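Peer 1: Residue numbers (our numbering): 1 to 540.
Because the hints were derived from the structure by calculation, they are not lab data.
Predicted model, so just to flag it, every value in this text is computed and none were measured.
Quick reminder that beta carbons are idealized off the backbone N, C-alpha and C, glycines included.
Do not rely on the hints blindly, as some may be mistaken.
What the hints assert, rightly or not - Computed Cβ-Cβ distance ranges for the label pairs, DEER-style:
#1 Lys484 with Gln324: 41 to 51 Å
#2 Ser522 with Phe483: 51 to 61 Å
#3 Pro57 with Pro529: 51 to 61 Å
#4 Ala283 with Thr187: 30 to 40 Å
#5 Gly364 with Trp504: 39 to 49 Å
Unchecked claim - Derived BS3-like pairs (lysine-lysine); straight-line CA-CA distance at most 30 Å:
#6 Lys60 with Lys130
#7 Lys440 with Lys335
#8 Lys35 with Lys130
#9 Lys60 with Lys231
#10 Lys494 with Lys484
#11 Lys335 with Lys35
#12 Lys60 with Lys305
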Amino acid sequence: MAETFTLFVLCGMLMCGLLLHTASQHGDSVNKPSKKPNFIIILADDIGWGDLDANQPEEKANNTPYLNLMAEQGQRLTDFHSPASTCSPSRAAILTGRYGLRNGVTHNFAVDSVAGLPLSEVTMPQLLQKAGYYTAMIGKWHLGHNGPYGPTNRGFDYYLGIPYSNDMGCTDIPGYNLPQCLPCDSTGPQVIRLKRSVHGGCYSKVGLPLIENSTIVEQPLDLWTLTEQYKSAATRIIHDARERGQPYLLYIALAHMHVPLAPKLRPDASATTRHRLDGEVYAASLQEMDSLVGAVKSASDDTDKDNTLIWFTGDNGPWEQKCQYAGSAGPFMGKWQTSRGGGSAKRTTWEGGHRVPTVAYWPGRIPANTTSSALLSGMDIFPTLLSLAGLTPPSDRRYDGIDATNVLLHGEQTGHEFLFHPNSGAAGKFGDLQTVRTGKHKAFYITGAAEACGGATGGQQLHDPPLIFDLERDEAEETPLEFKTPEYQALSEKITRRREELLWDIATDKTVSTADYRVDQSAAPCCDPRQAVCRCHALG
Numbered sequence: 001m002a003e004t005f006t007l008f009v010l011c012g013m014l015m016c017g018l019l020l021h022t023a024s025q026h027g028d029s030v031n032k033p034s035k036k037p038n039f040i041i042i043l044a045d046d047i048g049w050g051d052l053d054a055n056q057p058e059e060k061a062n063n064t065p066y067l068n069l070m071a072e073q074g075q076r077l078t079d080f081h082s083p084a085s086t087c088s089p090s091r092a093a094i095l096t097g098r099y100g101l102r103n104g105v106t107h108n109f110a111v112d113s114v115a116g117l118p119l120s121e122v123t124m125p126q127l128l129q130k131a132g133y134y135t136a137m138i139g140k141w142h143l144g145h146n147g148p149y150g151p152t153n154r155g156f157d158y159y160l161g162i163p164y165s166n167d168m169g170c171t172d173i174p175g176y177n178l179p180q181c182l183p184c185d186s187t188g189p190q191v192i193r194l195k196r197s198v199h200g201g202c203y204s205k206v207g208l209p210l211i212e213n214s215t216i217v218e219q220p221l222d223l224w225t226l227t228e229q230y231k232s233a234a235t236r237i238i239h240d241a242r243e244r245g246q247p248y249l250l251y252i253a254l255a256h257m258h259v260p261l262a263p264k265l266r267p268d269a270s271a272t273t274r275h276r277l278d279g280e281v282y283a284a285s286l287q288e289m290d291s292l293v294g295a296v297k298s299a300s301d302d303t304d305k306d307n308t309l310i311w312f313t314g315d316n317g318p319w320e321q322k323c324q325y326a327g328s329a330g331p332f333m334g335k336w337q338t339s340r341g342g343g344s345a346k347r348t349t350w351e352g353g354h355r356v357p358t359v360a361y362w363p364g365r366i367p368a369n370t371t372s373s374a375l376l377s378g379m380d381i382f383p384t385l386l387s388l389a390g391l392t393p394p395s396d397r398r399y400d401g402i403d404a405t406n407v408l409l410h411g412e413q414t415g416h417e418f419l420f421h422p423n424s425g426a427a428g429k430f431g432d433l434q435t436v437r438t439g440k441h442k443a444f445y446i447t448g449a450a451e452a453c454g455g456a457t458g459g460q461q462l463h464d465p466p467l468i469f470d471l472e473r474d475e476a477e478e479t480p481l482e483f484k485t486p487e488y489q490a491l492s493e494k495i496t497r498r499r500e501e502l503l504w505d506i507a508t509d510k511t512v513s514t515a516d517y518r519v520d521q522s523a524a525p526c527c528d529p530r531q532a533v534c535r536c537h538a539l540g
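Could you build all of it, start to finish, from the sequences and the hints given here?
Peer 2: Written as structure tokens, this is what we have:
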């Protein structure tokens with residue numbers, strides 16, 4: 001009888017242990033995602049660090065309430081940088097995780113570019129697509145629009161948007177710009193499609209096209225209804241993916257802050273009214289962009305809230321020469337440069353050119369109402385998303401982005417030890433890495449200014465030894481460290497050595513690509529060459 005009782009107790013203990021082990025395993029599985037996460041990347045064009053209300057609460061602007069809510073419920077990344085200070089190079093680096101000197105894209109593609117992001121480059125959507133993700137893109141592409149260079153040939157199952165910037169084609173009712181562009185010239189058949197009008201920077205002979213997948217559905221498009229089209233497409237993509245039970249990547253590249261601006265203000269207002277509204281135009285554009293973010297967040301929350309990462313950031317800083325139609329860089333004024341003439345935002349390697357507002361939101365995974373000062377870049381999106389999806393980047397090439405999973409999910413504050421900012425048009429050769437960040441210090445081997453509001457410019461200047469700023473004490477980049485101090489000497493030696501190592505690494509990298517920047521007028525998107533400005537509209 002005693003032996004029977006002992007055996008019963010032992011069996012009970014074993015069963016209890018088995019149940020506890022099973023429960024423990026179940027608890028672990030609750031904390032770990034059982035399915036692949038969804039990703040929504042929102043990239044705003046020409047947005048300043050100071051345009052996000054949450055970055056400057058003392059301003060009480062209330063232009064970005066939905067982004068503020070995302071920051072409150074997620075994480076604000078305060079030391080996050082676009083991979084370049086202009087459009088195409090920044091986007092190429094985000095999708096490949098590589099500097100422009102590796103992926104080949106060092107400056108912008110044109111309306112009549114024959115090619116785009118080199119076909120030898122592997123993109124993030126291509127890798128996610130192969131892993132079973134549904135991949136969709138909405139908005140500005142700007143990485144080549146002909147044949148194999150379009151988005152649906154670079155990893156996206158679906159595309160709706162503009163192949164380049166908003167100002168690279170005419171519209172019938174132009175948005176707000178400086179100088180103000182004229183409507184499309186519809187006086188006769190299209191002959192010289194790319195002839196610019198007398199207003200600098202304005203196209204008059206080729207309409208701005210709206211493309212769905214690889215087909216032009218409207219040319220010229222209507223800027224004033226574009227937000228609603230994008231909003232409708234984004235929410236449909238999110239809900240359809242939920243119905244299919246398929247993980248998805250949705251990449252939304254918004255050009256709301258890039259002129260010409262077309263917020264919900266009267267486009268046909270009189271000159272007096274338009275002048276009075278000038279001060280409201282940029283704020284209204286921010287609010288409209290924010291409303292789209294809110295719609296996307298709401299759709300995501302309603303479908304797969306706990307399994308979706310939303311990552312909002314910018315492609316470069318504000319375009320200062322557009323004056324009242326440009327954003328705010330906040331405290332990042334680049335005063336060393338502006339005191340010598342010119343602007344210090346878009347196209348420059350001053351902080352205002354590449355430090356961008358960034359928010360990451362993932363309920364239950366990213367701790368709410370947190371802030372990270374980790375030094376991060378848009379290039380990090382590539383390895384981070386692949387890591388979260390359980391994928392490994394192809395091992396046949398070298399990458400420059402880092403996996404920021406621990407920053408997002410676990411509060412780690414360590415980012416790049418060194419981060420390089422490529423020349424983006426203000427000075428030096430496009431793509432060259434002549435500005436370096438490490439910790440709180442930033443070194444310039446070359447300086448130069450973009451055009452400021454009013455037309456002022458500043459000359460290019462080489463620095464050997466480099467100018468070094470302490471951003472912790474001098475976020476406005478006004479006064480560099482004294483050359484003769486021990487602190488400067490140690491930093492200069494360390495930074496110069498690391499820069500030389502990276503340049504050698506790139507020079508010996510057999511996977512470096514070269515972009516084809518040739519142009520041909522026949523390469524410009526044209527729905528109907530027989531019609532003025534290539535005019536056509538979708539049937540129905």
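Peer 1: Take the hints in turn and mark each one as holding or not.
Peer 2: Okay, the hints, checked on the actual structure:
{"no.": "1", "hint": "Lys484 with Gln324: 41 to 51 Å", "verdict": "holds (44 Å)"}
{"no.": "2", "hint": "Ser522 with Phe483: 51 to 61 Å", "verdict": "holds (54 Å)"}
{"no.": "3", "hint": "Pro57 with Pro529: 51 to 61 Å", "verdict": "holds (52 Å)"}
{"no.": "4", "hint": "Ala283 with Thr187: 30 to 40 Å", "verdict": "holds (36 Å)"}
{"no.": "5", "hint": "Gly364 with Trp504: 39 to 49 Å", "verdict": "holds (44 Å)"}
{"no.": "6", "hint": "Lys60 with Lys130", "verdict": "violated (45 Å)"}
{"no.": "7", "hint": "Lys440 with Lys335", "verdict": "holds (17 Å)"}
{"no.": "8", "hint": "Lys35 with Lys130", "verdict": "holds (16 Å)"}
{"no.": "9", "hint": "Lys60 with Lys231", "verdict": "holds (27 Å)"}
{"no.": "10", "hint": "Lys494 with Lys484", "verdict": "holds (15 Å)"}
{"no.": "11", "hint": "Lys335 with Lys35", "verdict": "violated (49 Å)"}
{"no.": "12", "hint": "Lys60 with Lys305", "verdict": "holds (29 Å)"}
Hints 6, 11 from the earlier list are contradicted by this structure; the remaining hints agree with it.
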